[in-house]
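Enquirer: Listed below, chain by chain, are the residues.
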Amino acid sequence: MTAPSTVDEAAALITGATTPLAPRGAGSRWGATDGTPVDTSGLNQILEHNPGDFTAVLQAGVSLVEAQARFATAGQWLAVDPPTGRHEGGGTIGGLVATADSGPCRQRYGGLRDLVIGITVVLSDGTVASSGGKVIKNVAGYDLGKLFTGSYGSLGLIASVAVRLHPLPRATVTVNGSTVDIAVLQKAALELNRRPLEALSLDARWNGEGGGLLVRFGGASAATQAAALGLVLQQLGLTDVRVENDDEALWQAQRDGQRSRDAVVLKVSGQPGDLSRVIGAARDVGASVVSRAGLGLSWIRCSPDAVAGLRAALKPLAGTVTDGARLVDQVWPSVEPGVAALNRRVKERFDPAGRFPALPLSTVEA
Amino acid sequence: MDEVLGELRRIVGSQWVLTDAGELRTYASDGLLQYEVTPRVAVLPGSADEVRAVVALCARHGLPWVARGAGSGLSGGALPIVDGLLIVMSRLTRVLKVDLDNGRVLVEPGVTNASVSAAVGPHFFYPPDPSSQIVCTIGGNVAENSGGAHCFKYGFTTNYVLGLEVVLPDGSAVTLGGPEPDAAGLDLVGAFVGSEGTLGVATAVWLRVVPRPEAVRTLVAFFDSTREAGEAVSRIVAAGVVPGAIEMMDKPSIRAVEEMAHAGYPVGRGAALLVELDGPETECAALFDEVAALCAECGSDDVRIAADEAQRELFWKTRKSAFPAMGRLSPNYFVQDGVIPRTRLPEVLERIDELSAEYGLMVANVFHAGDGNLHPLVCYDGRVEGQAARAEELSGRILDVCLEAGGSITGEHGVGVDKRKHMPKMFAEADLEAFQRLRCAFDPAGLANPGKVMPTPRLCGEVPGPYRQHPLEAAGLAERF
Numbered sequence: 292m293t294a295p296s297t298v299d300e301a302a303a304l305i306t307g308a309t310t311p312l313a314p315r316g317a318g319s320r321w322g323a324t325d326g327t328p329v330d331t332s333g334l335n336q337i338l339e340h341n342p343g344d345f346t347a348v349l350q351a352g353v354s355l356v357e358a359q360a361r362f363a364t365a366g367q368w369l370a371v372d373p374p375t376g377r378h379e380g381g382g383t384i385g386g387l388v389a390t391a392d393s394g395p396c397r398q399r400y401g402g403l404r405d406l407v408i409g410i411t412v413v414l415s416d417g418t419v420a421s422s423g424g425k426v427i428k429n430v431a432g433y434d435l436g437k438l439f440t441g442s443y444g445s446l447g448l449i450a451s452v453a454v455r456l457h458p459l460p461r462a463t464v465t466v467n468g469s470t471v472d473i474a475v476l477q478k479a480a481l482e483l484n485r486r487p488l489e490a491l492s493l494d495a496r497w498n499g500e501g502g503g504l505l506v507r508f509g510g511a512s513a514a515t516q517a518a519a520l521g522l523v524l525q526q527l528g529l530t531d532v533r534v535e536n537d538d539e540a541l542w543q544a545q546r547d548g549q550r551s552r553d554a555v556v557l558k559v560s561g562q563p564g565d566l567s568r569v570i571g572a573a574r575d576v577g578a579s580v581v582s583r584a585g586l587g588l589s590w591i592r593c594s595p596d597a598v599a600g601l602r603a604a605l606k607p608l609a610g611t612v613t614d615g616a617r618l619v620d621q622v623w624p625s626v627e628p629g630v631a632a633l634n635r636r637v638k639e640r641f642d643p644a645g646r647f648p649a650l651p652l653s654t655v656e657a
Numbered sequence: 004m005d006e007v008l009g010e011l012r013r014i015v016g017s018q019w020v021l022t023d024a025g026e027l028r029t030y031a032s033d034g035l036l037q038y039e040v041t042p043r044v045a046v047l048p049g050s051a052d053e054v055r056a057v058v059a060l061c062a063r064h065g066l067p068w069v070a071r072g073a074g075s076g077l078s079g080g081a082l083p084i085v086d087g088l089l090i091v092m093s094r095l096t097r098v099l100k101v102d103l104d105n106g107r108v109l110v111e112p113g114v115t116n117a118s119v120s121a122a123v124g125p126h127f128f129y130p131p132d133p134s135s136q137i138v139c140t141i142g143g144n145v146a147e148n149s150g151g152a153h154c155f156k157y158g159f160t161t162n163y164v165l166g167l168e169v170v171l172p173d174g175s176a177v178t179l180g181g182p183e184p185d186a187a188g189l190d191l192v193g194a195f196v197g198s199e200g201t202l203g204v205a206t207a208v209w210l211r212v213v214p215r216p217e218a219v220r221t222l223v224a225f226f227d228s229t230r231e232a233g234e235a236v237s238r239i240v241a242a243g244v245v246p247g248a249i250e251m252m253d254k255p256s257i258r259a260v261e262e263m264a265h266a267g268y269p270v271g272r273g274a275a276l277l278v279e280l281d282g283p284e285t286e287c288a289a290l291f292d293e294v295a296a297l298c299a300e301c302g303s304d305d306v307r308i309a310a311d312e313a314q315r316e317l318f319w320k321t322r323k324s325a326f327p328a329m330g331r332l333s334p335n336y337f338v339q340d341g342v343i344p345r346t347r348l349p350e351v352l353e354r355i356d357e358l359s360a361e362y363g364l365m366v367a368n369v370f371h372a373g374d375g376n377l378h379p380l381v382c383y384d385g386r387v388e389g390q391a392a393r394a395e396e397l398s399g400r401i402l403d404v405c406l407e408a409g410g411s412i413t414g415e416h417g418v419g420v421d422k423r424k425h426m427p428k429m430f431a432e433a434d435l436e437a438f439q440r441l442r443c444a445f446d447p448a449g450l451a452n453p454g455k456v457m458p459t460p461r462l463c464g465e466v467p468g469p470y471r472q473h474p475l476e477a478a479g480l481a482e483r484f
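Residue numbers (our numbering), protein chains in the order written: chain P, 292 to 657; chain X, 4 to 484.
Treat the hints as calculated values from the structure; they're not laboratory data. Every residue gets a Cβ at the ideal spot worked out from N, C-alpha and C, and that includes glycine. Treat the hints with caution; some may be incorrect.
Below, simulated BS3-like cross-link-like pairs (lysine-lysine); rule was C-alpha separation at most 25 Å, straight line [to be verified]: (1) LYS320/X to LYS156/X; (2) LYS254/X to LYS323/X; (3) LYS558/P to LYS478/P; (4) LYS323/X to LYS156/X; (5) LYS606/P to LYS100/X; (6) LYS478/P to LYS100/X.
Output of the computed footprint for chain X on chain P, the stretches with three or more beta carbons under 8 Å from beta carbons of chain X [as the list claims (entries may be wrong)]: (7) 340-353; (8) 418-429; (9) 438-449; (10) 477-486; (11) 504-512; (12) 551-563; (13) 619-627.
Some chain X residues well away from chain P (every beta-carbon gap over 12 Å; in silico) [claimed, not checked]: (14) GLU6; (15) ARG12; (16) LEU27; (17) TYR38; (18) GLY49; (19) LEU60; (20) LYS254; (21) GLN314; (22) ASP356; (23) LEU358; (24) GLY399.
Based on the provided sequences and hints, a complete structural model is requested.
Expert: This is the structure we're talking about:
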């Protein structure tokens, strides 16, 4: 394994390669890609933190934990809270951007695609190119940051990213309500989506024969908002409604539900109104579910042999196997031929030698 | 030529193919009037199928084309090309689907920005709010990744587009993304939004809409200097407050807007800061006094709080009248659109003042203060020979100042034709070459809005090098190149 410590070294390594390459961050994902690893751990500099401007520039190998610790000294954070992987330290910035991983606070702050304001990449011919910049508002040039966010390394190596930061929430309070009725859960989630809550997070959970909703508030009046919403959840038929000031463990459990060490996690892209269908399908195969109820994204933790049936039951929603890739035949969702062709044309332009990993999609009907 | 025109008439109907010079003059410019090109043909398709047929026809004949929405853009992004087609999207105005359970709408590209909010109101709204929102279209917003006064808190067009029906320059139609987030494959929606019409044309757009905030509180604070007002912005943001909008005007701008809007603003003061908090009632109440106190601490002895919706509307009308109001102070002006890291504001404004003195031309500043987006208005008199050119030069030097401060040449207006020449100052050749890779993946023949964004015309790899008769020439639409 080779670990370049500068962008130029990375470019030299990539152009000199004769075998397929696999950019690698902390290795916090279980389903690693085949190929010669390009280890980004040497690209570990926090190049800039501009507290007054709420921006930072980070090399790919910087760990999220280290970056957050630095930002916290100014009362700021990169507003992402993805599940941690096999390492306590969680993933690297580069790995996070490449996989577009996200956690519960995506409800309020958007995903990584919405927080990356500039990117520098190394392409397979050694080209080092940047797009965007260091300011939060900028429409000059094409947005390669979005193209590479969630590209799973298929277009090139992410060397560094510029990100927008946010103030850390002053205090957080969570309302947590339970139900054994999927219809009640769905109805309550849609009702909350119609309200101007400005919640940090709005999640659903399901495990076995029961589940619930969790809503997290942050800000000057978090406790007041949470108390008011607690009454609403009761009116909507949820039981055992609690307002929790010490709420971190609740959300850690939600994040943990997005990962699995031994089994498979199927991430489903839906809409908020698909919640009952997703949970129903998961319940039928004895799987547990974590959902971003305001966004429509769900993570189903199941056995490998349940994946095909879940995909079939949830058609046409896209399902991606985010953990346990080696245990299933098809990791990526299938896309229509025209879109697949366009994805391929983009890859051919950015990675003409085809050294980087395959595109994160399938052309096989699941 | 006859052959192409005949086909166009068969596709969209004769009345929607414009070739008369008088009719075409309407489309010669977009919102940036100093550029003017009369297209040879303008077509107004009435459906996505017609758009596809027109683009496919262009692909068969190798004809370049430009798609146009309302034509309110400020960078010449919709400037026609003399030897190509202008595809006017203004007839595609249907709201196809409103799904408030999921907070989604599906609209055709000719729908105006304001009518999206109208379609989902009163309980929901569509946050990106360019000043031209009454007329500008969603298709144009998608092309330019439009912003607005509220994007510091709410984000830009790109944060609200979930899916696109796109006609690619080869005439094929694809669906990128959809009503669900995180579609399979690369984020081609993210790549398409803000690509200024160079990757294809959208025929339908999935947008996210959000519940209208429970409460809105607005104040305007006056300061002796932009430095003090800038300090207030920094203190507010550093306190962890994320205002819905935070807008600054300098002394010349205050004078101009007061003459037009008669809001009782103190002419002669150095800066006005409009701060709007929105969100849950309890949160606004908790933070609003803090914001007013911070303004006072930073030197404002005149903080005016909107007592009702009428006064709030007056505050906003005054702010939004800044561009037209400048016409009362100066016969002509250029609107600039630079971005800086917000903390560099004092030094950048000082440098702009120096340049203004050096050129002997007034520069008024209107500023989206939260996100560092400056709109210097460079005033000049077009009747004085050479003054327009000097004003343009000054306008360009202001961008140099923004870049030196670590900023950008455009925050929301786009590159278009107007800022092509500044692109190499912001991006290295390798960066531009990487942009071209994306362009070539979507449009290898270079037919969609050629000559925009990139500083110099570039061809894609597959296009053979030696001279070929240009397809327009073959089609009889142009005689020489």
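Enquirer: Next step is simple, just say for each hint if it's right about the structure.
Expert: For each hint, the structure was consulted:
Restraint check: the Cα-Cα separation between LYS320/X and LYS156/X comes to about 20 Å, which is no more than 25 Å; the hinted pair holds. Distance check on the hinted pair: LYS254/X and LYS323/X sit about 16 Å apart at the alpha-carbon level, within 25 Å; holds. Between LYS558/P and LYS478/P the alpha-carbon distance is near 22 Å, which keeps this suggested pair within the 25 Å criterion. As the CA atoms of LYS323/X and LYS156/X are separated by approximately 18 Å, the hinted pair is consistent with the 25 Å bound.
For a cut-off of 25 Å, the pair hint linking LYS606/P to LYS100/X stands: about 21 Å separates their Cα positions. Between LYS478/P and LYS100/X the alpha-carbon distance is near 21 Å, which keeps this suggested pair within the 25 Å criterion. For the region 340-353 of chain P, the assignment as covered by chain X holds, since 6 residues bring a beta-carbon within under 8 Å of that chain's beta-carbons and 3 suffice. Only residues whose C-beta sits within less than 8 Å of a C-beta in chain X count toward coverage, and the region 418-429 of chain P has 11 of them, enough to reach three; the restraint holds.
Look at the region 438-449 of chain P against chain X: 6 of its residues bring a Cβ nearer than 8 Å to a Cβ of that chain, three or more, so the hint holds. Restraint check on the region 477-486 of chain P versus chain X: 4 residues with Cβ-Cβ distances below 8 Å, three needed, restraint holds. As drawn, the region 504-512 of chain P meets chain X at 3 residues by the rule of a beta-carbon pair under 8 Å; at three or more, the given contact holds. Given a C-beta distance limit of less than 8 Å, the hint that chain X covers the region 551-563 of chain P holds, as 5 residues qualify and 3 suffice.
Look at the region 619-627 of chain P against chain X: 5 of its residues bring a Cβ nearer than 8 Å to a Cβ of that chain, three or more, so the hint holds. For GLU6/X, the shortest C-beta to C-beta distance to chain P comes to about 28 Å, beyond the 12 Å cut-off, and the non-interface label holds. A cut-off of 12 Å between C-beta atoms confirms that ARG12/X is not in contact with chain P; the least separation is 28 Å. Non-interface call for LEU27/X relative to chain P: holds, since the shortest CB-CB distance, roughly 29 Å, exceeds 12 Å.
Against the 12 Å criterion, TYR38/X stays outside the reach of chain P, whose nearest CB is about 18 Å from its own CB. With a closest Cβ-Cβ approach of about 24 Å to chain P, GLY49/X is found to remain outside the 12 Å limit, as its non-interface label requires. The non-interface label for LEU60/X is consistent with chain P: the shortest C-beta to C-beta separation is roughly 19 Å, beyond 12 Å. Listed as outside the interface, LYS254/X is consistent with that label: its C-beta sits roughly 24 Å from the nearest C-beta of chain P, beyond the 12 Å cut-off.
Once the 12 Å rule is applied to beta carbons, GLN314/X is consistent with being away from chain P; the minimum gap is 22 Å. Chain P leaves ASP356/X outside its interface by the beta-carbon criterion, the shortest separation being 22 Å against a cut-off of 12 Å. Look at LEU358/X: its CB is around 20 Å from the nearest CB on chain P, clear of 12 Å, so calling it non-interface holds up. Listed as outside the interface, GLY399/X is consistent with that label: its C-beta sits roughly 14 Å from the nearest C-beta of chain P, beyond the 12 Å cut-off.
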